[in-house]
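Engineer: Keeping their order, the protein sequence lines are chains A and B.
Numbering of the first sequence is given in the working numbering, commencing with residue 1 and proceeding in unit increments.
Numbering of the second sequence is given in the working numbering, commencing with residue 607 and proceeding in unit increments.
Keep in mind that the hints were calculated from the coordinates and are not lab data.
A portion of the hints provided could be inaccurate.
Covered by chain A, per the in silico footprint, the following chain B stretches (three or more residues, Cβ under 8 angstroms) [claimed, not checked]:
(1) 642–654
(2) 681–688
(3) 692–705
(4) 948–956
(5) 977–985
(6) 999–1011
(7) 1034–1040
Note that the Cβ used here is the ideal one computed from N, Cα and C, for glycine as well.
These are the residues of each chain, in order.
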Amino acid sequence: MAKSKKNPPRRVPAEILRKAKEYGFSDRQLAYLWGTTEKAVRNLRKEYGIVPVYKTVDTCAAEFEAHTPYHYSTYDQENESVASARRKVIILGGGPNRIGQGIEFDYCCVHGVMALAEEGIESIMINCNPETVSTDYDTTDKLYFEPLTLEDVLNICDHEKPYGVIVGFGGQTPLKIARALEENGVPILGTSPEGIDLAEDRERFGALLRKQRIPHPKYGTAYSVNNAVLVAEQIGYPVLIRPSYVLGGRAMEICYSGDSVREYMRKAVDVSPEHPVLIDRFLEDAFEFDVDAVADGKDVLIGGIMEHIEEAGIHSGDSSCVIPPYMISEKNLEHLKAYTVKLAKALKVVGLINVQYAIKDDVVYVLEANPRASRTVPFVSKAIGIPLAKIAAKVMMGRTLEDLGVKDFDFRTLKHISVKEAVFPFSKFPRVPIFLGPEMRSTGEVMGISEAFGGAVAKAQMSAGNTLPDHGTVFISVNDSDKNDITLNIVRGFVQLGFSIVATEGTARFLGEHGIQSERVFKVNEGRPNVVDLIKDGKINLIVNTPLGEESRYDEYAIGWAAIAHKVSFITTLSAAATAVKGIERQREGNLSVRTIQEYHKEILT
Amino acid sequence: MQSGEDNRIDSELLSSYINQTFRKESHQTLPKRTDISSILIIGSGPIVIGQACEFDYSGTQACKVLREEGYRIILVNSNPATIMTDPDLADATYVEPITPEFLEKIIDRERPDVILPTMGGQTALNAAVALAESGVLEKYGVELIGAKLDAIKKSEDRELFQAAMNRIGLETPRGAFVRSLDEAMEVVESIGLPIIIRPSFTLGGTGGGAAYNMQEYREKVEHGLSSSPIREVLVEESIMGWKEYELEVMRDLKDNVVIICSIENFDPMGVHTGDSITVAPAQTLTDKEYQAMRDAAKRIIREIGVETGGSNIQFATNPENGKMLVIEMNPRVSRSSALASKATGFPIAKIAAKLAIGYTLDEIPNDITKQTPASFEPTIDYCVVKIPRWDFEKFKGVDDTLGVQMKSVGEAMAIGRTFKESFQKALRSLEQDRHGLGMDGKDSFLVRELSESKRAEWRKKIIDRLKHPKPENVFYLRHALQLGVTPEELHQVTRIDRWFLHNIKQIVDFEEELTSYTL
Chain A
1 MAKSKKNPPR
11 RVPAEILRKA
21 KEYGFSDRQL
31 AYLWGTTEKA
41 VRNLRKEYGI
51 VPVYKTVDTC
61 AAEFEAHTPY
71 HYSTYDQENE
81 SVASARRKVI
91 ILGGGPNRIG
101 QGIEFDYCCV
111 HGVMALAEEG
121 IESIMINCNP
131 ETVSTDYDTT
141 DKLYFEPLTL
151 EDVLNICDHE
161 KPYGVIVGFG
171 GQTPLKIARA
181 LEENGVPILG
191 TSPEGIDLAE
201 DRERFGALLR
211 KQRIPHPKYG
221 TAYSVNNAVL
231 VAEQIGYPVL
241 IRPSYVLGGR
251 AMEICYSGDS
261 VREYMRKAVD
271 VSPEHPVLID
281 RFLEDAFEFD
291 VDAVADGKDV
301 LIGGIMEHIE
311 EAGIHSGDSS
321 CVIPPYMISE
331 KNLEHLKAYT
341 VKLAKALKVV
351 GLINVQYAIK
361 DDVVYVLEAN
371 PRASRTVPFV
381 SKAIGIPLAK
391 IAAKVMMGRT
401 LEDLGVKDFD
411 FRTLKHISVK
421 EAVFPFSKFP
431 RVPIFLGPEM
441 RSTGEVMGIS
451 EAFGGAVAKA
461 QMSAGNTLPD
471 HGTVFISVND
481 SDKNDITLNI
491 VRGFVQLGFS
501 IVATEGTARF
511 LGEHGIQSER
521 VFKVNEGRPN
531 VVDLIKDGKI
541 NLIVNTPLGE
551 ESRYDEYAIG
561 WAAIAHKVSF
571 ITTLSAAATA
581 VKGIERQREG
591 NLSVRTIQEY
601 HKEILT
Chain B
607 MQSGEDNRID
617 SELLSSYINQ
627 TFRKESHQTL
637 PKRTDISSIL
647 IIGSGPIVIG
657 QACEFDYSGT
667 QACKVLREEG
677 YRIILVNSNP
687 ATIMTDPDLA
697 DATYVEPITP
707 EFLEKIIDRE
717 RPDVILPTMG
727 GQTALNAAVA
737 LAESGVLEKY
747 GVELIGAKLD
757 AIKKSEDREL
767 FQAAMNRIGL
777 ETPRGAFVRS
787 LDEAMEVVES
797 IGLPIIIRPS
807 FTLGGTGGGA
817 AYNMQEYREK
827 VEHGLSSSPI
837 REVLVEESIM
847 GWKEYELEVM
857 RDLKDNVVII
867 CSIENFDPMG
877 VHTGDSITVA
887 PAQTLTDKEY
897 QAMRDAAKRI
907 IREIGVETGG
917 SNIQFATNPE
927 NGKMLVIEMN
937 PRVSRSSALA
947 SKATGFPIAK
957 IAAKLAIGYT
967 LDEIPNDITK
977 QTPASFEPTI
987 DYCVVKIPRW
997 DFEKFKGVDD
1007 TLGVQMKSVG
1017 EAMAIGRTFK
1027 ESFQKALRSL
1037 EQDRHGLGMD
1047 GKDSFLVREL
1057 SESKRAEWRK
1067 KIIDRLKHPK
1077 PENVFYLRHA
1087 LQLGVTPEEL
1097 HQVTRIDRWF
1107 LHNIKQIVDF
1117 EEELTSYTL
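If we strip away everything but chain B, and leave its shape as in the complex, we get (with noise of 0.2 angstroms):
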């Protein structure tokens, strides 16, 4: 190989593009950054669980709409399966690893005026970091955009993060990050168990779980800690069991922000929300709750300082006293504004590009109503349910229980007029052969068949398993009602928010009810 040989740009190819550039901006008078010219995005690597082709999504759309702005795109993605990695949606794809030494190389060649690191999941805003922090930004003179170095440390690093949400009167969860075994041994006394551990910078929390004895967390602290890039995992108090919501948020330069979807778990706290069912539009929160979360939300993106782009908060409720926690945050778009942006029109990843460069919420069209501009929150008259899907089976032995690691590999969305019809639908996008809430000829067993004496026994087994979030238990909720289990006791066991059991049990009703009619 000979290096150096066709190392530079084609440079008729880039003036015809600052040309473009140049012409278009003649035209407008948006305040649409003209200091740069050429834009390098960074996707996010192969699909892994945790991270799947909501980022092609993502950096598909900021490819598009910043090249339409008339700026040069190089984009790099080591995934070849990716729509992004088509030849004609960047100037330059760069099929190569997403490390720090290749994007040194690939800024080395093509001197990008700035990156985008918010459209490749956490693995671009990793390499973005990186490349700050060993001073490679600074040698070529490359700004990153969409996110600041420092807002994406003051979200991502805990201790930053929960001195920030103190500072506006938020509350986290309590808890430390620990650096060795030793010192978990001191945190847990004052927190007592159960207790959650967190390992720091792993891909859908990895090597993380919650442990009900010491034994247990000895252990998982340890597999945290091995785990975990810079050994170090958080412990955290418990609030398994509470609500837990997200909202999708975005702000820009003028200090507009808006919250484009409230996203709620049908699985409490203590499940991932990627391997949860999820809800939109929030379904569950009074008023004066949802009003604090916006409010809260808000004060979060203003003090994390994302000044340019879209956001992703989760707040966990306590739905005892309505007690409201800041679980975290993410200062890029992630897989629940995919969801966000497909359950509301409102395309996310393509504004924040948009908001990025320089341009507000006020000034950027919606392009479904054209009328409106993207400052106008979304407003949903419908009922929109994600089902994530598991692929167990694959794996011999693995531990199917789901919980604070992330183990489902895609998802289903539905959409429908009420939660029941939304729920049964995507029921059955799953493509596991199962065509609604059961009665599809699938179901394990037949609960109408049950004798007496079996009914009782049926009940204790269900009941058992249901303490545990397992992938098929929406079905055990349903032999659960037709036990004649109350929504009130499948409440308890599973703090799944009542208001949830009781849609689930009208469509069991219903369907009883149907059993008295024929064709």
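So that you can see chain A by itself, here it is in the shape it has in the complex (with noise of 0.2 angstroms):
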């Protein structure tokens, strides 16, 4: 950076700079300040010898010794954190909780700490999670209480000598500096970080799927606005569409025109031959699935095969899943399983691998494929009584699938059906759209279990805090796509298990054609009682609203807020009405049985 001072700038001395890190300056700032690289400002303080020390969190401020090894960084001179002679291997947390990235992260670095202690290998937790397991100093043999950026990291591996790093357990925050840390000549456990580019670059992913002869759902990168028209046609609409690197607010969005991609490109991006705009073909009404596996190099073990209650293009992480799936044929389901073995070997995973799937006119595409822990290997892990990031853990550490017994798993063993179903802020958040999309937008998750699924869709519902009423009024209102065979059953449903029915005037129109009895009521704005004045009033139990689009939207938003400030059940789309017919016909049963996941656990196994 130009900086223009009379006298030229001096080199820095070594008290100025051990004073700038007094300050917690990082290396990156005066590498950004003084137009270098982080990697010089580094060599210059290590060549002053200028490195952190390790002080222990002591409870007594040294008074009394201390017995438990909890570490900070600071600029200071006596270092109380003695490296033992040991084995071990650094854990890198998720860092801060924010959308995405949850606390299924650190129930992954938790495991994996213990599968450390399992074989006898030092655990180095480094996190920066105040309100973490991870980080109670309990949980592992060393906690380094620190940021997770490169600088922190290499300084803790420079004084550890770590005999390996794990990244794929605390999200994308390790995953980011993988490739920095192994550039640095710190070992990184499990699936190299080749391994995760190549995942992640889709480019080269998606030669790599080809090479396979695995689908997967036509793409292409644009440029430009003119450009993303194109391509997006050359792809067919819908298309999805996203900005290639993320920053605030830059969201994905399904198009399915070239005015709305022109819309799209115009108000949320600022495309150029540096940052383009991805563009996917969106398979629209395809179902998806996501598949949880570890693989060892040789073997791989396929965990949990979840279907998206919710149709594509809704984030996996907002969608509703349930183990085992429900719908889907044999053959498909070979496909599932193949591609994954395909994948896990061709990405030389070692350790944890998620794909998500669509299936769509009985065609399996791939989505994505991520080399790491994901959000869903604790709920699988749940639903299926295996550990799957501990056992990962293990097999990052060199050992078999085969000599851990778990080279297979059968979903047919389980006797009892999961549900995960995500829970959003939207009642923090007054006056936002509450239409689910491919951002994800959930702060967490709840599971329901029972032998049934309608039993498993209940309880979670109740979970979530959106208990399924058991009789009353059902408002209905769909778009025109919606107005099918699909809508009829859900609505026949309702009525017989006695809710009356209560839908705008085309909703209406067509239930009337097809002999389904309905009252009509108001939209917004049309009148006066409108179906905001009902919901007010309690006089609707449980809302079905399909997205109309843009013209309609002031209304969708007015019954949601509604719906969300007077808590009435919300369902915005047909797979997740229909789901609330079998809960609420379960539900009606009475009766809904609790037991312990050690009980069903126990059940799997014999």
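Hints in hand, dock the two standalone chains.
Structural biologist: As structure tokens, this is what we get:
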């Protein structure tokens, strides 16, 4: 950075650099300020002998001897963290919770620690999130409460000289620095950064899929607004469009026409040759599946095959899902498994891999593969009774699936159904759009377990604070493409369960044409009392409203907000509505029983 | 489904646990409760804003330590992503809805002797209160441990809390509960504007806010009434701009009370503590003020009647005259106690669980030092800074102004020798591609490159911006200081304590000094 001072800048003396470190400046900041690289700052720092020392959090300011190795770095004199001579492995945590990166990764890290303990290896945790179990000094052999940046992690590696570092458990946070750690000579355990990059780089990953003869949705890259429309047309609408780099507020969107692509490009993206946008064919009405597996280089343990309840287009973290899958042919199931094995081998996965699939017109497409712990690992582990993350950590340490005795898992041995449901913060953020889309917005999740699908759904909804009604009135408003047999079946389901139906004009007419009686209600802008009035008066017990597009957005938002404020269940997809019918059916039978997961797991084994 | 089947617990397993407890007892003289053998722990359910994985941490600790003590642990939590629901951590793990209905089913099936509801946040506490009030606990002969119903009520019910504080000579902000707009209009006449609206029994203060004019007041009261499950809001005098503190306090059956940690909010009252940058230990209190606060905390935990466990008590101090008000008390483990545990090394949840089963603070060894008991108050010879993490870009159209309703989704903490060091470390811990307090290539503009005329314009813009607390404001404090705004001026605008502003100025000044060097 240019700086106009009278005197030409002189080389920074050691005492100034030390003071900068004492003030908490990072090497990155100093590098930026002096127009150099982080590495150059680091080298000079080391040349001057300015390295952090590690102090102990001992509750007593050293008045008594402390036994617990809980440390933080500072630029001071005396080092209080003694590196042991044991074989040790560092696990990088997930940093602060945020949407898309939550507690699931802490679960995986803690399982990594447990696995290391079982293997007799010293575990060292680095994390900076005070809410977590992984930052409990009781959890690991050694805890460094430090930022998860390259600088801070390298400093610890210099001090501890670990056998290796596990980057695959902490979500996106450690992956970002995996490559750089490797370049600095830190051994990365498990899948190599090369394998991780290969899966993330869509050109290379696309080439790999083609080579492996695995179908994937068409995709392209655009460098300008006009180019984007052209690419979208080649691919065919609808398309999923998103920036190649993620900056605040620039979400992905599904576009159905050249106009909407242009509109998206205009308002959402600052496209340039350096910052292209990525365009994928969007597989409308496809069924989506997630697979979590562990590979050891030879075998692949397919742990969980989850079927998403909502159709394609909703972020996998926001979609509810079920184990085992309930609507998949034998043939496609075999494809799902075979592709997962092929990908695990092609990416040379050692540890966890998550693959997302979509099935449309009987073709299985791979949407993406992530050779690392996924958000669903804890859910799957609890559903199937196999601790996938723990197994993955052991595999990273050189054990094989065969000698761990978990080469294979057949979900047909499951005697229970597990449903995962996402939980959203809409009640905290009044007036934000509440329809689900390709951008993840849920903060958490719940699980419902029962011997049948309906029971699991009913429990998951109760846990999510969204208890389904047993009786009352359902408000239904669906868009034109949803005016089909599926909707009719759902509404008939509600009627059979004794619900009265209230619908907006178009939907009411459609239902009437098919012999289903409903009471017509005004939309918000049609007059009063309208549907929002009914919600406020507590006259609606469940809402099924599939998005109608821009022209009725206002209506839909108003309905959604009223529903949230008055705690009325709000469903925005037909698949979720069909699921709700099953849940209510089961709920009305009463007597939903409770069982422990230990009991469920015991049943799988026998 | 055949209900009624498999409804019995494994009796062999149970007797082995009872034996284990019994054997252990014969070797120990500690006053651990031997009249109970099984404990039901309630978790906090899904991660939501205001209730995150800190309760997995506290619940996991409680499961571990109580199991070590030989009790049979029954756990309920609907959140599968938690460590605590791992099948190895409890004897019976129910991934079931945390509702009174399902809890009763679990109680009926497991017949626990006691329930520990203080580890699972407000969700667990609310569930326990519901069970107590509906008579379920009495029906099955289950006792609440950790916090008694009376203490929970006294701390959660504003009117009871206010009365309790008055009894021990402490003040709370003036205010009253209202259940209708009409009542609200009466109250505002005696208190005046601005005024704070807080709906009862909502997570993270959902539906609350401050009102500066009558129209806003009406709107917010209505919104608050509809957010509150019991259609009730508290309207309260505004103490916006006062300094905010928290003390983590523990008490045992012998009436020992220890203060584990003091936490100071960098952001003044008006910003939810979950949305506030916080610092431990407190940095800007005089010794006298701090002792007054400690004394108050001791009186409060005794008056509320939390006999065994930890509580979080929040105070506000008027920076003009040092007047102190008690804001609230949580008779349970909280987000702040997770922070305090990590900040001090004192495992609050673990100790709270031990206190709940009858141990006293002087009998529990501090497992860091092994020599000192838990009745030794922790000493901190470093500075801890926590900064919240928000995710507003995921929510189109959301108002990112920070207020009494919590909006952050997570947090990062950093430890260093000084506030300056910890503050910059915490900023680079946030995973937002920032590498400290600016100067990292990510600044929205560079003050050094502004022309003279632009500088004045930006000064004004930045000061206007700083009037409203927002996530990125710390970076704007730096810009303001670079533009020559004084810490005093910034204090007048933001009400952030001068001490913090001076520290930030030291960082900014030193950054300037660094520009005269090169590598």
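Engineer: Okay, the segment 977–985 of chain B and chain A, do three or more residues pass the C-beta test at under 8 angstroms?
Structural biologist: holds (count 5)
Engineer: Against chain A, does the segment 681–688 of chain B show at least 3 residues with beta-carbon separation below 8 angstroms?
Structural biologist: Result for this restraint: holds, n = 5.
Engineer: Check whether three or more residues of the segment 642–654 of chain B sit with their beta carbon closer than 8 angstroms to a beta carbon of chain A.
Structural biologist: holds (count 4)
Engineer: Three residues minimum, CB to CB under 8 angstroms: does the segment 999–1011 of chain B make the cut for coverage by chain A? Let me know.
Structural biologist: holds (count 7)
Engineer: Count the residues of the segment 1034–1040 of chain B whose Cβ falls closer than 8 angstroms to any Cβ of chain A, and tell me whether that reaches three.
Structural biologist: Since three or more residues must qualify, the claim that chain A covers the segment 1034–1040 of chain B holds, with 4 doing so at under 8 angstroms.
Engineer: Mind checking, does the segment 948–956 of chain B have 3 or more residues with a CB under 8 angstroms from chain A?
Structural biologist: It holds: at least three residues are needed, and the segment 948–956 of chain B offers 7 whose Cβ sits within less than 8 angstroms of chain A.
Engineer: The segment 692–705 of chain B covered by chain A? Criterion: 3 or more residues, Cβ-Cβ distance below 8 angstroms.
Structural biologist: Satisfied; 11 residues make the cut.
Of the numbered hints given earlier, the model fails none.
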